[in-house]
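**Student:** In case you want the letters, here they are:
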Amino acid sequence: MTDNCTCNNGKNPYLPEIATVTRIIEETPNIRSFQVVFNDAEKMKNFTFEPGQVGQLSVFGVGESTFVINSPPTRMEYLQVSVMKAGEVTAALHNIYEGDQIGVRAPLGNWFPYNDMKGKNILFIGGGIGLAPLRTLILYMLDNRADYKDITIIYGARTPPDLCYKDDIKEWESRSDVNLILTVDVEFPGWEKRIGFVPTVLKEVAPKPDNTIAITCGPPIMIKFVLEGLAGLKFPEENIVTTLEARMKCGIGICGRCNMGHKYICKDGPVFTLAQLNELPEI
Amino acid sequence: MSTEKLKETIQKVFPDVECVICWQEGFDKLHTTPLFITTPDQTEKVVWNLLCVQNLAAYLPSLKKKIAVVVKGCDSRTIVQFMQEGLIDRSNVVVIGIPCRGVVSVKKVLAAVGQQPIEDVKVSDGNIIVKTPKGEKTLAIADVSPGKCKTCQYPTPVIYDFLVGEPIESDKPAASVYDDVREFEKLSLAERKAYFEKEFGKCIRCYACRNACPMCVCQDSCIAETRDPHWITQKMTPEEKMMFHMIHSVHLAGRCVECGECERVCPMDIPVAKLKKKINSAMKELFDYVPGVNPDDKPPMYTFNVDEVKIKEHKL
Amino acid sequence: MADTGFLPKEKIKEFLEALSKDTVVYVPTKEGETAAFKVYSPDAEICLDRPANIPPKSVIYPQCETLLSFEYKKTDPDDPKKMAVEVRAETNYPKAVIFGCRPCDAKGFAIYDRVFLDTDTADPYYREHREKTTIISLACEAPFAGCFCVAVGGGPADTAGSDVLMTEVDKGYYLEALTEKGRAALSVPVIEDGASYKAAAEKIKTEARAKVKNPFPADATEKVSPKLFDTDEFWQQVTNKCVSCGACTYLCPTCYCFNITDEQALSKGERIRTWDACMFRHFTLEASGHNPRPTKSRRFRNRVGHKFSYYPEKYNGAIACCGCGRCIRYCPVSVDISEVVGYLKDPKQDPATWVATNTKAVKDGSL
Amino acid sequence: MSDVAPKELRIVGFLCNWCSYGGADTAGVSRFKQPTDLRVIRVPCSGRVDPLFVVRALIQGADGVLVSGCHPRDCHYSDGNFYARRRLEMLKQLLPFVGIDERRFHYTWVSASEGQKWQQVVTNFTKQVHELGPLHEKKEKTV
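Chains as they are written, first to last, in this note's numbering: chain A, 1 to 283; chain B, 284 to 599; chain C, 600 to 966; chain D, 967 to 1109.
Accuracy of the hints is not assured; some may be wrong.
[To be verified] Straight-line distance between alpha carbons at most 25 Å, and here's what the computed BS3-like set of lysine-lysine pairs gives:
no. : chain 1 : residue 1 : chain 2 : residue 2
1   : C       : 673       : C       : 637
2   : B       : 485       : B       : 518
3   : D       : 999       : B       : 595
4   : C       : 797       : C       : 608
5   : D       : 1058      : B       : 476
6   : B       : 414       : C       : 810
7   : B       : 390       : B       : 417
8   : C       : 637       : B       : 476
9   : B       : 417       : C       : 770
10  : D       : 1058      : B       : 581
11  : C       : 608       : A       : 43
12  : B       : 405       : B       : 420
13  : A       : 149       : A       : 170
14  : C       : 797       : B       : 312
15  : C       : 804       : C       : 826
16  : C       : 681       : B       : 312
17  : B       : 417       : C       : 822
18  : C       : 812       : A       : 85
19  : C       : 629       : B       : 417
Because the hints were derived from the structure by calculation, they are not lab data. This structure is a prediction, so every number in the text was calculated from the model and none was measured.
Given only the sequences and the hints, what does the whole structure look like? Please build it.
**Tutor:** Shown next, in the form of structure tokens:
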């Protein structure tokens, strides 16, 4: 790659790093995970990021789209992102093969305040592909298990085949130090666990707010009801953390799509506490 | 003019409608701006004069309530075209028509006064008297009227529920409507090409022409912006600008009601309506069709004749 | 290098010719009734008697800019599917001069600077253009339709963003260099000594300022009223007539939202950045079909909010509007942003009375 | 006339699947000699041909565009070509208005059995476009 930028100390925030897709995992019928490695071994070795940060993936000729890095910074053999087929870029990503080259601009944005969460109970609430940003933090915490107290994960999807990260789920289920609660929206042959929407299950499980941080991500409608549910359970606003998504182009807080008031989801976010969100106008 | 009569009519249509779309004075004396009033006591702001240039019927397809709209003759054709294409529910629209002997082109007035800010505007005796910091200027209305008024065939709205004033007849010869098209066609191919390259070269792709066009109803799905299908890139090349204007014109074939909004709103002063007028003249010649006149007509591109009398096979 | 100078009217072309030797000079050029910034040529009709229809922002922030070019190359002759992609970015632009823009146009660049440069992810394309461009603005003698620069912290002779400020005095222009780049421009031999014109220029500038009206109420608050700002009815009412086009944003010297798209032909292509407009329905539309700003009232709220609330909050009270009035002058339906902001800055205004005393909003059905 | 074969131009042909594509096939199978400038795009019906396909091709670099469908009354979908006829005639009148020679665009009807006619259409249209020469000058770098 050549960058003839004479200015800005040679740093060009729009210029992606070329990476190779080393493995593609079919998570659900419309979600695939991509493990990527920078072509420049030196850059891969020196690359650092924090759990919750996002990156822009390029399929050159089609465009860029934003995804959270869902592998944890404690496991750096590759970076993993998960992509749900929805628009032009995601469809193009679903058409690539292992060994193909893509562009990556990362890390962008802020991250989960995992240091402030030390010594606390952690409650993860995820829906569908919304487990992706939580996964990076879950794996990070499991890799530093002693720093955190009880870890509860409430995760739901439409049907059992729509649950992402089935291998991780199997592992979490087998661990005694993780309380995993799975649910699907509707009855499904062979499914013997809970049935019901995530916010409903949250009410049934009724976790205690004491010394607990709740972290949620999922479709907008789920987030809305989960936030209401957490308020009902008396979780203080500053202990509710969510990670947002919007249409993004530049990823560096300029292009004007993802701002909520003066805060840009791509640069000042994507991680916000409910207390912070309540201070901001809607997007 | 009949502002008072218009106000009376507007008061009459309440409470049958939720809203009346009319005009009020804009940010200066030369500009009017659309006004949406929702109760009969809000009519004091309403104005009707020859500065009421916007085609208010353009708002109808996006409003799903019972609406009254004030239209000039030319604007009324929009409503008829909407009916032909099933874009509005006629029973949801109350049409307040105003016979009109022509409006003025704000752009032409501003050009005549060197783009100076306007302090006052008066109308008398076929003249418009414009006051700017550089002094007063008297302009003959005929000299600053938009192209569409010069050949207006429908000074009285073609459709209305209320008519403010008495119907009037056109005083312009019907045969001369497309004179400007024929005049332009006297230029050589190369001259025409150069003309449009220069004019479309000014385009900044703000899509004001498209968004102000009453017949551009695709909105979210306009192929000038979609990536799938990927008709056109976002590049600012002369080819892409030309392509956009061809898209706009071809999609209006047999549908353009010649309200002139596209041209009026262009911030770069591009004669956007020219292509549409050419297509309309072809529609008239080929299919004897005039858009927006008879609600029972079918737009020519929506139908066909097995034997097309006017289309001759082209020989090589 | 001189700090001031004088350019006689008859020597404008000579001056521009001299500058053109090693720079690309953009001048407001008349084409019919439209004035836009074009590369200077001796037969150009230079328009200095009014602001151009479109500000010179595209000189420094082009409407379409190549961010990078890419090329797919086969890496394995036996396996045509194996491809490597090569990416290149170049920012080697020629030096440029913007001549004859207005102080509001130049102030636009000062507003951009904070966004593009005053950040840890500074924009190299913008920087390169900005550093290589000298801006010679012309002070306004009188306001034009819709002008309200004095209400947003500017003025007809504001110096923000300019390298040279010209003031029209009898038979020519008094020039003041404001930066090193400006002083360099004044070192062209055509420029005469300007000292004797200083007093006349100052007088014209003071008089011009008094002529610009402030459309906001006399007791306008510094910030916009959050209560009215959060009233949906208010925004719906003021945007009833908006047609959702991009004229206001594309003509705005301070609007900078953009789109990035890839355009490919066969194995090669470019990633381009083009102006975009927050007033377009497409702007925030997500692939899922969800649109967080679904109505024109919400989009307009963002536009006004960005300029008069969000940007000031981020940058120490600076307003992201230069009051050039173009969005008012060229709006197809005469939406008047100064009127809207006037309501928002009126301390007497409260949402309940506003909603009660104004015509009701007709909610747009075009979600 | 020079005896060196003139340089090929870019001519795009939109051929309906049921008649004209078959006609072109018949011409090929019968080994009728044809110029090779034409690049064929098969479409289900001439009614599928948006006039803007033609415009896009001409703007993007084609020197000529040929549209061919079933004869009127013979459309596989019964009325596709009737609509096509109206649209393409409209375009035929619009193109010269913006300075594109109408002879660069031709629409016609060729049935699957008319191999001979296809040969004539292609030969004559190609000749006509060659007489006009290339539509696009060498591409300049655009901003």
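**Student:** Straight-line Cα separation of residue 414 of chain B and residue 810 of chain C no greater than 25 Å?
**Tutor:** holds (16 Å)
**Student:** Within 25 Å, alpha carbon to alpha carbon, are residue 1058 of chain D and residue 581 of chain B?
**Tutor:** holds (22 Å)
**Student:** Are the Cα atoms of residue 417 of chain B and residue 822 of chain C separated by 25 Å or less?
**Tutor:** Judged against 25 Å, a Cα distance of about 36 Å means the pair is violated.
**Student:** Within 25 Å, alpha carbon to alpha carbon, are residue 673 of chain C and residue 637 of chain C?
**Tutor:** Violated. Residue 673 of chain C to residue 637 of chain C sits at ~42 Å, over the 25 Å cutoff.
**Student:** Would you check the hint for residue 417 of chain B and residue 770 of chain C, treating anything up to 25 Å between C-alpha atoms as holding?
**Tutor:** Since the Cα atoms of residue 417 of chain B and residue 770 of chain C sit roughly 19 Å apart, the hinted pair holds (cutoff 25 Å).
**Student:** Given the hint that residue 812 of chain C pairs with residue 85 of chain A, does the C-alpha gap stay at or below 25 Å?
**Tutor:** Measuring from Cα to Cα gives roughly 54 Å; hence the hint is violated.
**Student:** Below or equal to 25 Å on CA atoms is what counts here, so check residue 681 of chain C against residue 312 of chain B.
**Tutor:** violated (67 Å)
**Student:** Taking only the CA atoms, is the gap from residue 999 of chain D to residue 595 of chain B under or equal to 25 Å?
**Tutor:** violated (29 Å)
**Student:** Quick one, are residue 637 of chain C and residue 476 of chain B close enough, alpha carbons at most 25 Å?
**Tutor:** The given pair, whose Cα atoms are some 21 Å apart, holds under the 25 Å limit.
**Student:** Verify the proposed pairing of residue 797 of chain C with residue 608 of chain C, using a straight-line Cα cut of 25 Å.
**Tutor:** Distance of about 17 Å is within 25 Å: holds.
**Student:** Run the distance test for residue 608 of chain C versus residue 43 of chain A: straight-line Cα separation, threshold 25 Å.
**Tutor:** At roughly 58 Å apart (the allowed maximum being 25 Å), residue 43 of chain A and residue 608 of chain C break the hint.
**Student:** Tell me if the straight-line CA distance from residue 1058 of chain D to residue 476 of chain B falls inside 25 Å.
**Tutor:** Given pair residue 1058 of chain D, residue 476 of chain B holds - Cα atoms ~16 Å apart, limit 25 Å.
Checked against the numbered hints listed earlier, the structure breaks hints 1, 3, 11, 14, 15, 16, 17 and 18; every other hint is satisfied.
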